Amino acid sequence: MAEVHVIGQIMGATGFSESSLFCKWGIHTGAAWKLLSGVREGQTQVDTPQVGDMAYWSHPIDLHFATKGLQGWPRLHLQVWSQDGFGRCQLEGYGFCHVPSSPGTHQLQCPTWRPLGSWREQLARVFVGGGPQLLHGDTIYSGADRYRLHTAAGGTVHLELGLLLRHFDRYGVEC
Amino acid sequence: MNPKEEKVKIIAEEFTENEEDAAVGRRKKKVQRQQRKKQPPTAGPEEMVSETPHLGPQQEPGQEEPKTHLLSTTARRGPRSLPPIPSASRTGFAEFSMRERMREKLQAARSKAESALLQEIPTPRPRRLRSPSERESETEFGTEPGKEVRRTQQDDDSQNYSKVKFRDSGRKIKSKPQVPPGFPSPEEAYNFFTFNFDPEPEEERSEEEKAGAKTRGGADQEAGAPGQQVNTTADEEELLDGREAEDLLLGLEHMADDFVAIRPAEYESVHHWLQKEKEMLFVPSRLTVPTYKKLPENVQPRFLEDEGLYIGARPEVARTTGNIMENRLLVQEPERGWFGDDGRILALPSPIKPFPSRPPVLPRGQSTAAELETLYKKAVKYVHRSQHMIGSGDPSGNFQVDIDISGLIFTHHPCFSREHVLAAKLAQLYDQYLARHQRNKAKFLTDKLHALRNAVQTGLNPEKPQQSLETTQKTIKEYKAEIWQTRRLRDAEQEKDRTLLKTIIKVWKEMKSLREFQRFTNTPLKLVLRKEKVDQKADEEAFEAEIQAEISELLEEHREEYEQKMEEYRAAHQQWKAWKRAQRARKKKKKHATEEPPDEETEEAPPEEDPGKPVPPEPTDRAVLEQQVRERAAQSRRRPGEPTLVPELSLAGSVTPNDQCPRVEVLRREDVRRRSVYLKVLFNNKEVSRTVSRQLGADFRVHFGQIFNLQIFNWPESLTLQVYETVGHSSATLLAEVFLPIPETTVVTGRAPIEEVEFSSNQHVTLDHEGVGSGVPFSFEADGSNQLILMTSGKVSHSVAWAIGENGIPLIPPLSQQNIGFRSALKRADAISSIGTSGLADMKKLAKWATESKLDPNDPNNAPLMQLISVATSGESYVPDFFRLEQLQQEFNFVSDEELNRSKRFRLLQLRNQEVPEFRNYKQIPVYDREIMEKVFQDYEKRLRDRNVIETKDHIDTHRATVAKYLQQVRESVINRFLIAKHHFLLTDLVVEEEVPNISILGLSLFKLAEQKRPLRPRRKGRKKVTAQSLSDGDVKLLVNIIRAYDIPVRTPTPSKFQQPSRSSRTFVEKHAASPSTHSPTHSADYPLGQVLVRPFVEVSFQRTICHTTTAEGPNPSWNEELELPFRAPNGDYSTASLQSVKDDVFINIFDEVLYDVLEDDRERGRGIHTRIERHWLGCVKIPFSTIYFQSRIDGTFKIDIPPVLLGYSKERSMMIERGFDSVRSLSEGSYITLFITMEPQLVPGESVREKFDSQEDEKLLQATEKFQAECALKFPNRQCLTTVIDISGKTVFITRYLRPLNPPEELLTVYPSNPQATAELVARYVSLIPFLPDTVSFAGICDLWSTSDQFLDLLAGDEEEHAVLLCNYFLSLGKKAWLVMGSAIPEGPTAYVLTWEQNHYLIWNPCSGHFYGQFDTFCPLKSVGCLIGPDNVWFNIQQYDSPLRINFDVTKPKLWKSFFSRSLPYPGLSSVQPEELIYQCTDKAAAAELQDRIEKILKEKIMDWRPRHLTRWNRYCTSTLRHFLPLLERSQGEDVEDDHRAELLKQLGDYRFSGFPLHMAYSEVKPLIEAVYSTGVHNIDVPNVEFALAVYIHPYPKNVLSVWIYVASLIRSR
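Each protein sequence line maps, in turn, to chains A and B.
Quick note: the first sequence, position 116, residue 116 per full-length UniProt numbering, numbers continuous.
Quick note: the second sequence, position 428, residue 428 per full-length UniProt numbering, numbers continuous.
Note that these hints are calculated values from the structure, not bench results.
Quick caveat: nothing in here was measured; it's all calculated off a predicted structure.
From the three backbone atoms N, C-alpha and C, an ideal C-beta is built for every residue, glycine too.
There could be a bad hint or two in this list.
Stated by the list, open to error - Sample of chain B residues at the chain A side, in silico, Cβ under 8 Å: (1) F894; (2) S903; (3) K904.
Work the whole structure out from these sequences, hints included.
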């Protein structure tokens, strides 16, 4: 019966090699969680920074959850994409972070990575764009032995999330 | 030792176990140290607990094992022999055994220690015997040294024994008292093994011992050892004593040589070893055991599986393992109970489940790779369209169906000559014959009959005495029944065979005669009857035998029957006799004893009925029977000796060449040659491909031999072949459609058999040559009798199969995209794939079928099926293919699910989030559950519950209620369908971009600076549009600009004035208003000019807000006023969807302001004016809000809706130019008002869905429509061009399919049988009476749906298109030339009108009002014409102008009208979507009357409600008068009754001032009626003595179309 209200924004991203970036995001929760209002996933606009390195999206996130247990605390998964001059989109990085569990405002930095692929694919990526993508998107947040996956680091996504918790104390969770 | 101590020991032992190995060496030293200290081992229990003291006795025996054996006696050991403590699981077996031994040693040591304590306390044993090397070796090998090791030690010991001994003895002498004789020290015991006996036997024994220890366990060892060893010890003692003595004698100087004997290392040959092992051990062979060994003598192995019994799968066992087992069993337990009949070990069926209950652990490398697999994707541009394609769930769907069309054979064709007909018949019969012949049922049955007879014969012979007589009897009876059955069947079959043969011959004969008659042959068919000679005698014999057998059987049957009957007869007879006797006796009794009480007689009365004497059955006569049998045989069987006829059909005949044929035949052949056939392949009703066009052969066979590979995405719903025939170069005609079954999922290419599907066509063809035609009667006889009608028919041979992909996977789409999960779960259960049935959807059904059909569960063939069924029925089909991550979810939950769901707050939040209408606009939701009222959900729950309950409260009329529900459902489904599409935004929806000013705009703005501030003729400018989201209540206003009006009715002088001059006072206004409104110049003289004829003002009411203009004067007033009305969206929701569904109307009412002088006293007239203002309603204009919203502005002149009877007013007759088509009737009756309506700020109207819809139209046609529309839009972007529309199921339909002559109701046609114009008007009126409901309201923002006319009439609601289509169809059926006009009109905007061509002019009909206008009528609301639509074509207006006044409607001129179907694209003959004809039910008059009463009651109540502060009196008399008057109005359609009515009213209501008017409406619901009455403002009169009258009349038209008249009036009594 406890409630969690996540209010915040995806501020932007830094450190990516491409400049026109947008971000697809989603929030994944366990079975005990119930979304009361808000949308679980979304996509930001394409931002092309004119000054500086950071692409600003300032994309609002407003979710209201009810939960009957602590398992499956909400986690955010992000995909940063870039758009090239032809309007084609390609993947720049996958990212993942947990929604903080303490109330208040939190500044989060979510580093990202992207699959490297074979040398051929890397070559193709350099010249014709595109790139390897995960077939199963849930790999971003589910734990498989990922050591087989060779990745390259992408930039960082900056998030600012405010959390309101309610009724957790009623069930003996201190926060 | 007490038990407590023991316990402690056990604990200690347990405790030390682990340390033992590691700490062996350390401990040993310690132990020895302790021993040296001569500590008595028996310490108190408290000491025992601690580890160190206890270790001594524990460890000691490790070295002194042999000794302990010697010393321990069974008696002593008894109480201490602890049972082996169950080992903890962590210890392995080896460890266990080791411990076991340890324990034994421990016990032994303990006993020894005890004995030592008892007997040896003064001389504890010194313990320094061993050399350090030995000790080392000991520590190396642990506490359990092997025998070999021991021996080497012994050897070592023996080698340096003397020295050791010497030292030892020396020490003994020094420090310790001598060991008493007869008690061997441990060393002695030890040495006993090393010395003075030959090692062989000892070795043997020790080995035995070891083996024994291993196999038997410690107890045996202990039991067996002592006796034997005691002896040896005794020997040793002697020896030892001797040596010691020697040692002592010889002194210390002895050299080692003396003591050391060098011996060779002992060696036992491997061979020897093996030999011994062989004796000891049994090693079963690995070779296969021959079967005979496993079975009892002289028994052949039996294989149950071959006998058809189900034996489950045996568990998998490696063969060698199996062999070993068998060999062992054979030797060890030779009773052979282990082997089954088949010579194999008995085994239960494999217990392994068919599917794993644990998720399969995939090979490691693969699984992770699969999970982490990445796919190189190209950089993609987002294509929005594909995102929203309906039904494209699975992008990887790459499925393929192969359709092989091999050919086509016509079994009848219009071009068939008579001979062909016969040939086809013959061929068919021959095919039948061949099929029958192949099956040869008769033969089969005959054989069966023989077999049965034999069986009966043998059964009758009492050869098998062991069978009970009863069962034999029973079986024989059954056999006989079967014989009877079979015989009947056989006879029938034989008869059929014979008749078939006869028919073949008959047809052949007919054909021959026909060929002769026409003197040419057309077909190469030739029938040869081959006679097969039979041996006459044998045949006859067989025949006779058969007959005899049959007769005898029949006889027997009859005899049985006879006997049975006899039996019955006898019984009956007996009964009868008994009855007879009783009767007689009674009679006698009666005679003899009449004194009997009468009641007895009554008792006996019942059996007095005479049962009747039974008739004995006739025995059957053999002769008669024989006669019958023979007759039947003659009929159905070949006569004996008659040769068997075998027909053979060949194509060997020759066809007469063309030049020898008569002309008609040549014509026919040429015609045939001109024809060609092709097939279209339709997949899911879409043409996907077609075969090549092949010429029809002379034999009417067409070979295609084409294979079509269809790559499909969706599950196939239908596969159709369309057979098209082309004659010469004309267009193809559809002959027939052949529906192919969709192949089973198991049918894949290569395995599919060629099948033939028959088709037939219902087309009627008559030909002018020899061809017999199709659907036309023809005859073979010369006189034309015996007519035959044949339809074109034929067979298509084809095969349909699923293709196989590259890797052998059939490309079959999954059964349904939704239940993939279930299927994949099922797939895992192997049984299903092995059965390969595709219809596994319902397992329960399958199980039911299995139980019903009594499947043999033991049949091996059924095994997988049974397994599957057991899985399905036991509910085990749910295979967990997941790994539960949140295993402990349940345990850690705060609350249960129910509690979570019960929370009202959460529910409210969720419902608001889902935009459920009731909760969509909740702004704030309480924080606590307790603050939320339970009733919040009541409405919502009620709505959910009542979704299917038809509520008649609001609708009164059940039919309409049903329709409303239906519409609601359609709306919901449509809305759900387009929900995705609605979320599809374009950039312009999100971003408002100001245009960057360019030069031209700059220039214009510069000009603007120079223009006048207040121009004389201001024009309206476009305004900025506002997106709806940012609005709130009060932001939006409706601006209504009332400019002027024309031809307002003017007051007429009340005739009453003249008739009743006695009226005491005439009011002020009456004097002025008394002028007659006729203003023909002749009359105008009577009234002074400049007199006020009418003082109209306009009142606009919208959403119950009312605004009105100032009062103007005269019939042509000019107001030029702007009224501002606030707009409030429903629930404060200003989203586009919500605004679109606003149903409110703007009422623009025109009133006449009348002043009445109420001054009672004439004397006061000079000092004051006391008047009362009354307003009289003159008419109204009603504009739906949705129109304003979509048009964004409405500008124009509208006809005012004026009631047909307006008492006290009449039209001013002005000089009118003749506008109408009909010069006789003036169309100037209307009054008009010029308006401008808009919204402030301007709202962006919702756009319709940018979406393509499914269609069943030909792809080519669709392409053509797109092209046509694009071309038209290029030329005239503003003109409406419509070629395809969306029907109610959301499919695109070509528009002309909607037009088709449809019969109007019969009732309307009979009204004016001679006047077609009047009939047309009546029909138009009927159509206009069907309520209007804009699609945009019902399908908010989605699209314009067109319903067909029958749907429209059923729904009784529709917008302009439906009305127009229906009217157009009616006109077409009335024989008029009619078109649908798509254009724009005011106030509707884009709309549909109907255009008809009368003798010499065009008429434009407004289908919603039923009015019509001439082409050149300036007041025609139709302002522009985009296109015309006829039943077979669409014409787009390409003239310069689009106003109907200025265009030419002659569609034959290609320069003015661009037609859709032209020479390049001929009209393909599209079938109509409309029904053949409309069926009208007469509306129930009684129901209408009832409705009438109810409406009247409701309206009266409403009027009283609207006058809360006044008393509302009803004038009954007036009401009844009005009620009589209304039907009159209906009959005359509200025309030309005014004067009569007025006169009548005046007569009846002489002293009342009466103001009122009838309203006429189409009936849909009550609410609009109420609104209409309200808008007239009749209730607003607040004169104290006012009375009201209200009458309602409903005239029912067919199909529940109701015309409602409401007469509402107010009366004021004038004194």
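Hint-by-hint comparison with the structure:
1. Because the beta carbon of B/F894 sits about 4 Å from the nearest beta carbon in chain A, less than 8 Å, this interface hint is met.
2. Annotation: interface hint on B/S903 holds; nearest CB of chain A at approximately 6 Å, less than 8 Å.
3. The interface hint given for B/K904 is broken, as the beta carbon of that residue sits about 12 Å from the closest beta carbon of chain A, more than 8 Å.
Consistency note: the structure conflicts with earlier hint 3 alone.
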